[in-house]
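Chains A and B supply the protein sequences, listed in that same order. For the first sequence, the positions run 1 to 347 when this note's numbering is used. For the second sequence, the positions run 1 to 347 when this note's numbering is used.
Accuracy of the hints is not assured; some may be wrong.
Since the list can't tell identical chains apart, any single copy or any two copies may satisfy a pair.
[Stated by the list, open to error] The list that follows gives simulated cross-link-like pairs (lysine to any residue, SDA-like), each with its CA atoms no further than 20 Å apart:
| hint | residue 1 | residue 2 |
| --- | --- | --- |
| 1 | K129 | K248 |
| 2 | K272 | T256 |
| 3 | K183 | S165 |
| 4 | K129 | S43 |
| 5 | K64 | L324 |
| 6 | K183 | G224 |
| 7 | K7 | K272 |
| 8 | K313 | N209 |
| 9 | K286 | A141 |
| 10 | K183 | D197 |
| 11 | K296 | R202 |
| 12 | K129 | F181 |
| 13 | K58 | R202 |
| 14 | K272 | S68 |
| 15 | K313 | D131 |
| 16 | K292 | Q130 |
| 17 | K18 | K292 |
| 18 | K286 | D131 |
| 19 | K129 | N66 |
| 20 | K286 | P50 |
| 21 | K296 | D197 |
| 22 | K192 | E330 |
| 23 | K340 | N258 |
These are calculated hints, taken from the structure and not from any lab test.
2 protein chains.
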Amino acid sequence: MFIEKDKLVHFSNECFMKLGMPEEEANTITEVMLEADLREIHSHGFLRLPIYIERIQKGLISSKANISMINNHGATALMDGNYSAGQVVAKEAMEKSIAMSEESGLGLVAVKNSNHFGITAYYSLMAAKQDKIGIVISNVAPLMPAIGGKEKVIGNNPISIAAPSVNEPIVLDMALSNTAFGKILFHKENNKEIPADWGVDRNGVPTTNPEDIINGGFLSPVGGPKGFGLAVMAEILTGILSGGDFSKMIPSMYDTENKQSISHFMLTIDIKKLIPLEVYYSSIEKLTGFIKNSSKADGVKDIYLPGEIEFMKERANKTRGIPLEENLKEQLDELANELKIQKLIIQ
Amino acid sequence: MFIEKDKLVHFSNECFMKLGMPEEEANTITEVMLEADLREIHSHGFLRLPIYIERIQKGLISSKANISMINNHGATALMDGNYSAGQVVAKEAMEKSIAMSEESGLGLVAVKNSNHFGITAYYSLMAAKQDKIGIVISNVAPLMPAIGGKEKVIGNNPISIAAPSVNEPIVLDMALSNTAFGKILFHKENNKEIPADWGVDRNGVPTTNPEDIINGGFLSPVGGPKGFGLAVMAEILTGILSGGDFSKMIPSMYDTENKQSISHFMLTIDIKKLIPLEVYYSSIEKLTGFIKNSSKADGVKDIYLPGEIEFMKERANKTRGIPLEENLKEQLDELANELKIQKLIIQ
Numbered sequence: 001m002f003i004e005k006d007k008l009v010h011f012s013n014e015c016f017m018k019l020g021m022p023e024e025e026a027n028t029i030t031e032v033m034l035e036a037d038l039r040e041i042h043s044h045g046f047l048r049l050p051i052y053i054e055r056i057q058k059g060l061i062s063s064k065a066n067i068s069m070i071n072n073h074g075a076t077a078l079m080d081g082n083y084s085a086g087q088v089v090a091k092e093a094m095e096k097s098i099a100m101s102e103e104s105g106l107g108l109v110a111v112k113n114s115n116h117f118g119i120t121a122y123y124s125l126m127a128a129k130q131d132k133i134g135i136v137i138s139n140v141a142p143l144m145p146a147i148g149g150k151e152k153v154i155g156n157n158p159i160s161i162a163a164p165s166v167n168e169p170i171v172l173d174m175a176l177s178n179t180a181f182g183k184i185l186f187h188k189e190n191n192k193e194i195p196a197d198w199g200v201d202r203n204g205v206p207t208t209n210p211e212d213i214i215n216g217g218f219l220s221p222v223g224g225p226k227g228f229g230l231a232v233m234a235e236i237l238t239g240i241l242s243g244g245d246f247s248k249m250i251p252s253m254y255d256t257e258n259k260q261s262i263s264h265f266m267l268t269i270d271i272k273k274l275i276p277l278e279v280y281y282s283s284i285e286k287l288t289g290f291i292k293n294s295s296k297a298d299g300v301k302d303i304y305l306p307g308e309i310e311f312m313k314e315r316a317n318k319t320r321g322i323p324l325e326e327n328l329k330e331q332l333d334e335l336a337n338e339l340k341i342q343k344l345i346i347q
Numbered sequence: 001m002f003i004e005k006d007k008l009v010h011f012s013n014e015c016f017m018k019l020g021m022p023e024e025e026a027n028t029i030t031e032v033m034l035e036a037d038l039r040e041i042h043s044h045g046f047l048r049l050p051i052y053i054e055r056i057q058k059g060l061i062s063s064k065a066n067i068s069m070i071n072n073h074g075a076t077a078l079m080d081g082n083y084s085a086g087q088v089v090a091k092e093a094m095e096k097s098i099a100m101s102e103e104s105g106l107g108l109v110a111v112k113n114s115n116h117f118g119i120t121a122y123y124s125l126m127a128a129k130q131d132k133i134g135i136v137i138s139n140v141a142p143l144m145p146a147i148g149g150k151e152k153v154i155g156n157n158p159i160s161i162a163a164p165s166v167n168e169p170i171v172l173d174m175a176l177s178n179t180a181f182g183k184i185l186f187h188k189e190n191n192k193e194i195p196a197d198w199g200v201d202r203n204g205v206p207t208t209n210p211e212d213i214i215n216g217g218f219l220s221p222v223g224g225p226k227g228f229g230l231a232v233m234a235e236i237l238t239g240i241l242s243g244g245d246f247s248k249m250i251p252s253m254y255d256t257e258n259k260q261s262i263s264h265f266m267l268t269i270d271i272k273k274l275i276p277l278e279v280y281y282s283s284i285e286k287l288t289g290f291i292k293n294s295s296k297a298d299g300v301k302d303i304y305l306p307g308e309i310e311f312m313k314e315r316a317n318k319t320r321g322i323p324l325e326e327n328l329k330e331q332l333d334e335l336a337n338e339l340k341i342q343k344l345i346i347q
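Take these sequences, add in the hints, and give me the full structure.
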């Protein structure tokens, strides 16, 4: 089923505001979830609304943001999210990072005590829409073992880099596991083997049987030691550089007994401080041409730039409506009952 | 055979100086090659001496550095290497980046018209040895096709991130192809199949036969679209952000008819501008403990941090001497004959 985006936005805002959240903050969280669903990164879309609401109800995420700047010299700033909603904290931090880059050419905001902030590309794109390059990293609860390990010690920490281009920005947004857990489930349901580098079993041994991952196994980092190394450096640039929590200190988002202290790294580069924007855009157009017009492999119709497919989906979904799974619709109905607000009506 | 590092340093410096290079510059190039061989990244060690010499002889790399600062505001600077040796340019750029970070908390030097600069970790480690985090990226001649392509459009652009730690720094240094070409050759020689994600054949189709890669095929990016995306963003942060060359504009280093214009991105973060160094080091010690002491998979004795194995090799090779292949010794003897300098003597 498909639902008009305005209805979903209204419903989501109502949920947050019912818990005492100011409209502007509710709207920020909703907007980031909407962006995820429009881009068909459904794992970070309205699927997360019930858990966000539960965490706010339990006092694990503040219903009113209380963000403080711990220090701010030159091109760097350290921000304490004080357990406010991750989207609200990260948006404010990225605005600050962009503003600093306009002064110094660069702006870095390190953030601690934040929460899950949705899709990383939302924030890097804020920079790219203003003729700047945005580099955003977050840590998450540990999910992967070290190379040779069989215990979760490192998150599949997402990294997004967005650069403006002649049309839509070029944007990379990736988690550092080789694949998502959902794909493991999909292979199991279809009785298919998985590639040996997607995960390891409970003993830390690579496996092609999806059930071995589901029953106590682990996802593996993308590209083995390369992805593991990137995940470790991402943890240092987020949890450690901000003076926040990291690795095994961070409980799962679905552990509703404990607060999460999530850290972000938000860097902006103001392109025009280095080269004239005309030079930048003409080079980007040339690079785009080299890539998109390069010889195609047998059977391939189009070559895509990073993020290009997501922009195509976004355009389609903006007019057609947001795809909504039956199961999620039921969860949202339950939420409406619990919060005593009007259910989403699908025509 | 093993050779004392001092002998190799002397020999290498003699080669460059014979071509009119000032001793300090010769020493910088030598030092970066030495560091590579000590860390057993032999692909970037003295193996490259003959091609560097040939490029200097042909005027493709200047025998005397002529580096100019195009602009420098706040935390950013743009440098023109004017086709000087990559190591000399990159070392100077990283020194500038570190100095700027001491003022502004961050320092970014974008460099154009440089050359191959050896191992990327050499420069990121300059920052890590001074209580700072270094992030260094370079572009290289295109080597990989786009996802779905069968034409070289993007380099396996190296990225290094180094962060200080209680003992040696934690350092990631990786190229963005799934594997190195040398490993493909090794599998062919041993009649072994390669994993299907290491490369594609001349038609852009994934293959497990190493000969398909060698005969007109291509290396694939690490983790497929993730590595490709990172390689594209790395190209933007280097060739495009510096106003330099990129993608198909860059000829191979072994094409001795044409100059290469290589670009670098050198970013330093001064940790103490964000958090006290004591807090940083105590967190790093904790993270290191979480990772190294995590449960090990069956048969695994030790878990290593990024760069740890290379530091162990470096320690061993510093006392034992540098491993030198017969074939490379012959090439260095030829070079000695040609330049009329004394050959390396192995005892």
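Hint by hint, here is what the structure shows:
1. K129 <-> K248: neither (36 Å within a copy, 27 Å between copies)
2. K272 <-> T256: neither (45 Å within a copy, 34 Å between copies)
3. K183 <-> S165: neither (31 Å within a copy, 36 Å between copies)
4. K129 <-> S43: neither (24 Å within a copy, 40 Å between copies)
5. K64 <-> L324: Neither: 29 Å inside a chain and 64 Å across chains, both beyond 20 Å.
6. K183 <-> G224: For K183 and G224, the Cα distance is within 20 Å both inside one copy (18 Å) and across copies (16 Å).
7. K7 <-> K272: So K7 and K272 fail the 20 Å test inside a copy (40 Å) and across (47 Å) alike.
8. K313 <-> N209: neither (32 Å within a copy, 36 Å between copies)
9. K286 <-> A141: For K286 and A141, the Cα distance is within 20 Å only across copies (16 Å; inside one copy 40 Å).
10. K183 <-> D197: Classified as both: same-chain Cα gap 13 Å, cross-chain 18 Å, threshold 20 Å.
11. K296 <-> R202: Between copies only: 11 Å across chains, 41 Å inside a chain, cut-off 20 Å.
12. K129 <-> F181: neither (32 Å within a copy, 38 Å between copies)
13. K58 <-> R202: neither (32 Å within a copy, 58 Å between copies)
14. K272 <-> S68: between (30 Å within a copy, 19 Å between copies)
15. K313 <-> D131: neither (23 Å within a copy, 44 Å between copies)
16. K292 <-> Q130: For K292 and Q130, the Cα distance exceeds 20 Å both inside one copy (24 Å) and across copies (42 Å).
17. K18 <-> K292: neither (48 Å within a copy, 46 Å between copies)
18. K286 <-> D131: within (17 Å within a copy, 39 Å between copies)
19. K129 <-> N66: neither (27 Å within a copy, 37 Å between copies)
20. K286 <-> P50: neither (45 Å within a copy, 34 Å between copies)
21. K296 <-> D197: Answer is between: at 17 Å across copies they meet the 20 Å cutoff, but 27 Å inside does not.
22. K192 <-> E330: Classified as neither: same-chain Cα gap 29 Å, cross-chain 52 Å, threshold 20 Å.
23. K340 <-> N258: Neither. Shortest intra-copy (26 Å) and inter-copy (72 Å) distances fail the 20 Å Cα cut-off.
The structure is inconsistent with the numbered hints 1, 2, 3, 4, 5, 7, 8, 12, 13, 15, 16, 17, 19, 20, 22, 23, although it conforms to all the rest.
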